[in-house]
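K.L.:
First to last, the sequence lines map onto chains S and L. One gets the working numbering by counting positions in the first sequence from 1 and adding 66 to each. One gets the working numbering by counting positions in the second sequence from 1 and adding 23 to each.
One thing to keep in mind: the hints can contain errors.
[Said to hold, decoys possible] Cross-link-like lysine-lysine pairs, in silico, DSS-like; alpha carbons within 27 Å at most:
| id | chain 1 | residue 1 | chain 2 | residue 2 |
| --- | --- | --- | --- | --- |
| 1 | S | 384 | S | 475 |
| 2 | S | 384 | L | 184 |
| 3 | L | 224 | S | 475 |
| 4 | S | 426 | S | 187 |
| 5 | L | 63 | S | 661 |
| 6 | S | 396 | L | 184 |
| 7 | L | 172 | L | 132 |
If you're looking for bench data, these hints aren't it; they were derived computationally from the structure. Just so you know, these numbers come straight off a predicted model, no measurement behind them.
The lines below spell out each chain.
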Amino acid sequence: MLLQIYEPGQTPLPHENEQGLAVGIDLGTTNTVVALARDQKAEIVRDARGSGLVPSVVAYIDGADPLVGEMARRQLLDRPEIVVSSIKRLMGRGAADLARLGGQLPYELGAAAEGGMARLKIGARLLTPVEISADILRAVKERAELALGRNVDRAVVTVPAYFDDAARTATRDAARLAGLEVLRLVAEPTAAALAYGLDSKSEGVFAIYDLGGGTFDFSLLRLEKGVFQVLATGGDAALGGDDFDHAVAAKFLAERGGEFSRDEVKQALATARLAKECVSSQDPWEGELMLDAGDSSHSLTRAELEKLIEPLVARTLKIAAGVLEDAGVKPEAIDGTVLVGGSTRVPLVRAKVEEFFGKKPLADINPDEVVAVGAALQAEALTAGSDTLLLDVLPLSLGLETMGGIVEKIVERNTPIPVARGQDFTTYQDGQTAMSFHVVQGEREMADQTRSLARFELDGIPPMVAGAARIRVRFAVDADGLLSVSAEESTTGRQARVEVKPSYGLTEDEMADMLRASIDNAEADMERRLLTEARVEARRAINALEAALAVDADLLSEAERATIAAAQETLERAMSKSDRASIQGAAEALEQGTKFFAERRMDRGIRKALAGRNVAEIGG
Amino acid sequence: MQITPLATDADSARPAAAFGACWSCRGPVAAAALFCATCKAIQPPQPLDHFARLGLAPGFDIQVPVLDQLYFGFQRQLHPDRFANAAPRARQISQSQAVAFNDAYETLKSPLARATYLLALRGLPIDGEGSHTIRDMELLDDQLERREKLHEAPDAAAVEKLAVAARSDAAACLGEISAAFAAGNLAAARLATLRLKYLDKFADEARNRRALLALKSEPA
Chain S
67 MLLQIYEPGQ
77 TPLPHENEQG
87 LAVGIDLGTT
97 NTVVALARDQ
107 KAEIVRDARG
117 SGLVPSVVAY
127 IDGADPLVGE
137 MARRQLLDRP
147 EIVVSSIKRL
157 MGRGAADLAR
167 LGGQLPYELG
177 AAAEGGMARL
187 KIGARLLTPV
197 EISADILRAV
207 KERAELALGR
217 NVDRAVVTVP
227 AYFDDAARTA
237 TRDAARLAGL
247 EVLRLVAEPT
257 AAALAYGLDS
267 KSEGVFAIYD
277 LGGGTFDFSL
287 LRLEKGVFQV
297 LATGGDAALG
307 GDDFDHAVAA
317 KFLAERGGEF
327 SRDEVKQALA
337 TARLAKECVS
347 SQDPWEGELM
357 LDAGDSSHSL
367 TRAELEKLIE
377 PLVARTLKIA
387 AGVLEDAGVK
397 PEAIDGTVLV
407 GGSTRVPLVR
417 AKVEEFFGKK
427 PLADINPDEV
437 VAVGAALQAE
447 ALTAGSDTLL
457 LDVLPLSLGL
467 ETMGGIVEKI
477 VERNTPIPVA
487 RGQDFTTYQD
497 GQTAMSFHVV
507 QGEREMADQT
517 RSLARFELDG
527 IPPMVAGAAR
537 IRVRFAVDAD
547 GLLSVSAEES
557 TTGRQARVEV
567 KPSYGLTEDE
577 MADMLRASID
587 NAEADMERRL
597 LTEARVEARR
607 AINALEAALA
617 VDADLLSEAE
627 RATIAAAQET
637 LERAMSKSDR
647 ASIQGAAEAL
657 EQGTKFFAER
667 RMDRGIRKAL
677 AGRNVAEIGG
Chain L
24 MQITPLATDA
34 DSARPAAAFG
44 ACWSCRGPVA
54 AAALFCATCK
64 AIQPPQPLDH
74 FARLGLAPGF
84 DIQVPVLDQL
94 YFGFQRQLHP
104 DRFANAAPRA
114 RQISQSQAVA
124 FNDAYETLKS
134 PLARATYLLA
144 LRGLPIDGEG
154 SHTIRDMELL
164 DDQLERREKL
174 HEAPDAAAVE
184 KLAVAARSDA
194 AACLGEISAA
204 FAAGNLAAAR
214 LATLRLKYLD
224 KFADEARNRR
234 ALLALKSEPA
């Protein structure tokens, strides 16, 4: 079934209090795809021509709203200076990282944001990768709203399994800027497995080979009775079809000879991409490279392409072999291999994967759409409930830099998330009152070879002799794979608080400013969310009270019951309106007004326990 | 990234009474209950050992498929994905529960971690102070000898041969550990566990070494 598209202006206005839809979004390097699931059937949101792929390309024309998708891509050859593509490769990268890549980047870098996040200079604008990704997400959100005729306000957004904490945080921030509440960040290969597993009801150990435009992921999952357990994962957050394009563009430019501007490189990449896609069906490809300085003719045979990309494909298989070794699984023990990502259409990739695993890989679900399908299924599972369960892992070890720049790992890679781990540290000088920490992510032993996530200082440590203080640092990774760190001095029980300055990202203030600037009604949006939260909390309080009354109502007099019922009704009335303060006030009043009831229930519990009744009967 | 208070630590500090008050309906709830029998609210994790948390008898010999099924069963009920629409406090508790069960599962799944944990539980930790004996020194010598051979190994095949030998010795260790625990001989269990620890570490080193040799042998 094709989803109905409404003409602009004819869209039925979403009701103010209506709960919006929750969609799945695959925010890809090359394309972005959005899907909606109902009754465990996911449907891709398509345009009038049936295409579900929105090119992840944004064009910034001065004085106009950003153009996203096909319209933006069309600007690429004529006005490369205002067009941004493959922005996903820069997500979570600090300004210092990008300056290092400077020469290879087809963008001009501007002054970094306060928190250290890099900014690109595009026309008259200065934009962070987060803002550019938010423009893409906003465009697909609007597209989905037009197609579905409903407000879309929540999403499961997928990220490469191998994305580090900085890149995951950047993705979540981009969704927030686009006015989407992120229900969960799900790893792309895991989402693909969900789409396949639910479709085929398969069981066993599956390898997901996901080669996208800019990222490579390889995950090993066990599927069993609705449980999707990630055994191990690995990848390269900067290896994908884009690299194939770069190799082909380098060949064309070398054939032309000379020096090329940033914009000419962008034009050459667009032509290389076209040649790469065509050569699978039309060998050899022949065409023109049109640059401002003049045109030149080039050709590409399939054999030439394969020779260019062979080392890149070999790199992916080396990563796959490492993941199998991590999990202690032999290639022949794998029940199935699934191909995900547009770059797995390249015949050489298919052939090499088949050779490595010794069996034909599955690709029956469109490899460009399968991740969005899985994301949509998970969005439905999170909002409507489900029997399936995703158990994912931390892709890269987390640690702290210690003396001599050596990394002490606190949480090892492939640990199931959520996870919390603590480690004790001590002072090394008499009377030391402060300690600084450097949080890093990666597998290398030296801190300068890993990803720096944050630096913070714990001060207010009571002066003691060296080695006497116990400073407990605690790492907690939530189900989205996002890290939070706390530290406290524990011998005195005195909590010394810490402050973190993310070295890669945006400060809270910058984020707040962007939210205000980017969402037309950011304040209203925030208020709506708080209102929903207050209603959920009030509903919980009423349900708990009703459950208590069902067993212990005899502890109350007629008059007491009437008072409680009145307080409950006040709360129910407040909930049906949209005044958050009055909901919270009524909920607080109900909580206070039933305190004596709770105490009587506890007394009854104690009396029963003392009377030798089996405690299991009480709590059961 | 942000800094947050130590929420779950406070949760686990609850007294191990037979029952306490449910945070949601404030009525009595059994200390070991995952959910309140009255209002169905999810309850915070209790300070339990990993075996008790998963409902297993403490011991070295466990059936991994049984462990998997128990773990999946608990995560199906407690994982944060089940509480995406719940009240904030319930979401937070679900995360602490999932963390506690992941920790228990990870520890018991790996034979080395399981043996190490069991020894600590029985009061004979492998890295305890003053616990190093002459036999430990013999182990260290063995480890040094293996390492020396590893660094002298000329190619990936030679490294693999050493790794295979270490893996087979490790398998033998598992049998020793199991027998020692079964016989109640903790000192023997501790020694075999230490051996297993060294052998596991050696296998890791062999893997790194092999990767390094493979890198060198590749044409530049």
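K.L.:
Now, for every hint given, state plainly whether the structure supports it.
P.N.:
Against the structure, the hints come out as follows:
1. Between residue 384(S) and residue 475(S), the direct Cα distance comes to roughly 24 Å. Compliance with the 27 Å bound is thereby established for this hinted pair.
2. With a C-alpha separation of about 21 Å, the suggested pairing of residue 384(S) with residue 184(L) holds against the 27 Å cut-off.
3. For the suggested pair residue 224(L) and residue 475(S), the alpha carbons sit about 15 Å apart, so the restraint of at most 27 Å is met.
4. Pair hint residue 426(S) plus residue 187(S) does not hold up; C-alpha atoms about 46 Å apart against a cutoff of 27 Å.
5. Note on residue 63(L) and residue 661(S): the hinted pairing holds, with a Cα-Cα distance of about 19 Å set against a maximum of 27 Å.
6. Under the criterion of a C-alpha separation no larger than 27 Å, the hint pairing residue 396(S) with residue 184(L) is consistent with the structure, at around 18 Å.
7. Only pairs whose Cα atoms come within 27 Å are accepted, and residue 172(L) paired with residue 132(L) is rejected, the gap being roughly 31 Å.
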